[in-house]
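Asker: Residues per chain are reported as follows:
Number of protein chains: 2
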Amino acid sequence: MVNYYNAYTRTSIKFNQTKGVSMSSEQDKSISSNAVWHHATVTRARREEQNKHKSIILWFTGLSGAGKSTLAHAVEEQLHQFGCRTYVLDGDNVRHGLCGDLGFSEEDRKENIRRIGNVSKLFLEAGVIVLTAFISPFHSDRKQVRNIVQHGDFLEIYCNTSIDICEQRDVKGLYEKARKGLIKDFTGISSPYEAPDNAELSVHTGERPLEECVDQVINLLKERGILNTQS
Amino acid sequence: MVNYYNAYTRTSIKFNQTKGVSMSSEQDKSISSNAVWHHATVTRARREEQNKHKSIILWFTGLSGAGKSTLAHAVEEQLHQFGCRTYVLDGDNVRHGLCGDLGFSEEDRKENIRRIGNVSKLFLEAGVIVLTAFISPFHSDRKQVRNIVQHGDFLEIYCNTSIDICEQRDVKGLYEKARKGLIKDFTGISSPYEAPDNAELSVHTGERPLEECVDQVINLLKERGILNTQS
Numbered sequence: 085m086v087n088y089y090n091a092y093t094r095t096s097i098k099f100n101q102t103k104g105v106s107m108s109s110e111q112d113k114s115i116s117s118n119a120v121w122h123h124a125t126v127t128r129a130r131r132e133e134q135n136k137h138k139s140i141i142l143w144f145t146g147l148s149g150a151g152k153s154t155l156a157h158a159v160e161e162q163l164h165q166f167g168c169r170t171y172v173l174d175g176d177n178v179r180h181g182l183c184g185d186l187g188f189s190e191e192d193r194k195e196n197i198r199r200i201g202n203v204s205k206l207f208l209e210a211g212v213i214v215l216t217a218f219i220s221p222f223h224s225d226r227k228q229v230r231n232i233v234q235h236g237d238f239l240e241i242y243c244n245t246s247i248d249i250c251e252q253r254d255v256k257g258l259y260e261k262a263r264k265g266l267i268k269d270f271t272g273i274s275s276p277y278e279a280p281d282n283a284e285l286s287v288h289t290g291e292r293p294l295e296e297c298v299d300q301v302i303n304l305l306k307e308r309g310i311l312n313t314q315s
Numbered sequence: 085m086v087n088y089y090n091a092y093t094r095t096s097i098k099f100n101q102t103k104g105v106s107m108s109s110e111q112d113k114s115i116s117s118n119a120v121w122h123h124a125t126v127t128r129a130r131r132e133e134q135n136k137h138k139s140i141i142l143w144f145t146g147l148s149g150a151g152k153s154t155l156a157h158a159v160e161e162q163l164h165q166f167g168c169r170t171y172v173l174d175g176d177n178v179r180h181g182l183c184g185d186l187g188f189s190e191e192d193r194k195e196n197i198r199r200i201g202n203v204s205k206l207f208l209e210a211g212v213i214v215l216t217a218f219i220s221p222f223h224s225d226r227k228q229v230r231n232i233v234q235h236g237d238f239l240e241i242y243c244n245t246s247i248d249i250c251e252q253r254d255v256k257g258l259y260e261k262a263r264k265g266l267i268k269d270f271t272g273i274s275s276p277y278e279a280p281d282n283a284e285l286s287v288h289t290g291e292r293p294l295e296e297c298v299d300q301v302i303n304l305l306k307e308r309g310i311l312n313t314q315s
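Protein sequence lines, in the order shown, are assigned to chains A and B.
Quick note, the first sequence lines up with residues 85 to 315 if you use our numbering.
Quick note, the second sequence lines up with residues 85 to 315 if you use our numbering.
Derived by calculation from the structure, the hints in this document are not laboratory data.
Take these hints with a grain of salt, some might be off.
The list treats identical chains as one, so a pair stands whether inside a single copy or across any two.
Claimed, not checked - Below, simulated DMTMM-like cross-link-like pairs (lysine to aspartate or glutamate); rule was C-alpha separation at most 25 Å, straight line:
id : residue 1 : residue 2
1  : 264       : 190
2  : 227       : 185
3  : 194       : 176
4  : 306       : 296
5  : 268       : 251
6  : 256       : 192
7  : 264       : 296
8  : 264       : 299
9  : 136       : 209
10 : 227       : 176
Turn these sequences into a full structure, and let the hints steer you where they fit.
Answerer: The structure is reproduced here in structure tokens:
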């Protein structure tokens, strides 16, 4: 078969099979044709082949202090050591940048989750295992994100830690402030948390050791065929 | 040295040196400690080491029809074949999702570029070579994106095709509509395009063959030490 990208083989490259490019319809066109090149996109399938794992959105949800970010980062560490491409979206890298214009009103929190969902979708297309760690208290918002991607591309992981444990820990002192009325609309205190009823996984982050919770998530990924279990 | 992640070595993993984790301050703490784990983040440096190339933002700017998206995808194709991790942000994957709530008013176009800049930054942190293909006509907007990342992380590439060539091609028929007044604030016709005066690269996408333009961008990446020239 003629190498469509011959122009570049003068440099030392590993030539990967160009899945996603229809060779039959392209090979008779000039390499300089914009139309041809514009369609020679690197597809998600080619990225996944390159990465040797599938991409997925792991959506962690739960109360403030439930251990979402901790678990997401621990899972990421494990996946990185497996050789996977990963990224964690959480308050640290989203709240001051992409969503820096948003406050905490109901409308703004909704828009916050909508944007995070759409960014997750971009990472998904980029072949990355993206892990999101946001309270995301409402069914409707989580469902909206689930609906913008293909079935199976969104795995909801419920960090099922009781409000008692979260409040007892109160790592950031937020529950105390919320009880005193210093924070309005605080999830679990003055604003509802709608626990998932169809999460792909429920982990007891408040009661079980972290490594056990990490194993549960990794096992889910293996069951779903995201990770190459041969590696 | 004690392997900090011993708990996981029972599974078959390649252990990468955990750059970014301070072993001296962490090794005396329990593996289950949330505080420890939360700080055991996968850093950009570790991702770059894994990918065997550095991450960067390649910001393509130019008139409608100048060949930004075509060039960005052609460069991505080349980089993918080199074994790099890449992603192109353009109207196709951003306008209907992340920025689906935005119109074409001056304010909305500004917000559009701001969001794209921030998403680019996330991909940058994720170790990816991110290529953006948006007209981005204003100095101030491009400068704002440049300023949210470290010096050297943002390379501006001016797709320097004259308005005459763009209008002559008129692939999407937009110039004709703009001339008839059917599209308001159309860049180059009824709204200004502020050509970059400090772009890292200017490519004559309208006059030179695409492969030559691709080479120019690849050479820039080699000069800047983004690609491992040994590979």
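Asker: Decide, hint by hint, whether the structure agrees.
Answerer: Right, here's what the structure says about each hint:
1. 264 x 190: within (21 Å within a copy, 43 Å between copies)
2. 227 x 185: both (24 Å within a copy, 19 Å between copies)
3. 194 x 176: Both, since 18 Å and 24 Å are each at most 25 Å.
4. 306 x 296: Answer is within; shortest intra-copy Cα gap is 15 Å, inter-copy 44 Å.
5. 268 x 251: Classified as within: same-chain Cα gap 16 Å, cross-chain 54 Å, threshold 25 Å.
6. 256 x 192: Cα proximity of residue 256 and residue 192: one copy only (22 Å, versus 36 Å across).
7. 264 x 296: Neither: 35 Å inside a copy, 65 Å across copies.
8. 264 x 299: neither (38 Å within a copy, 62 Å between copies)
9. 136 x 209: Intra 15 Å, inter 21 Å, cutoff 25 Å: intra and inter.
10. 227 x 176: both (23 Å within a copy, 23 Å between copies)
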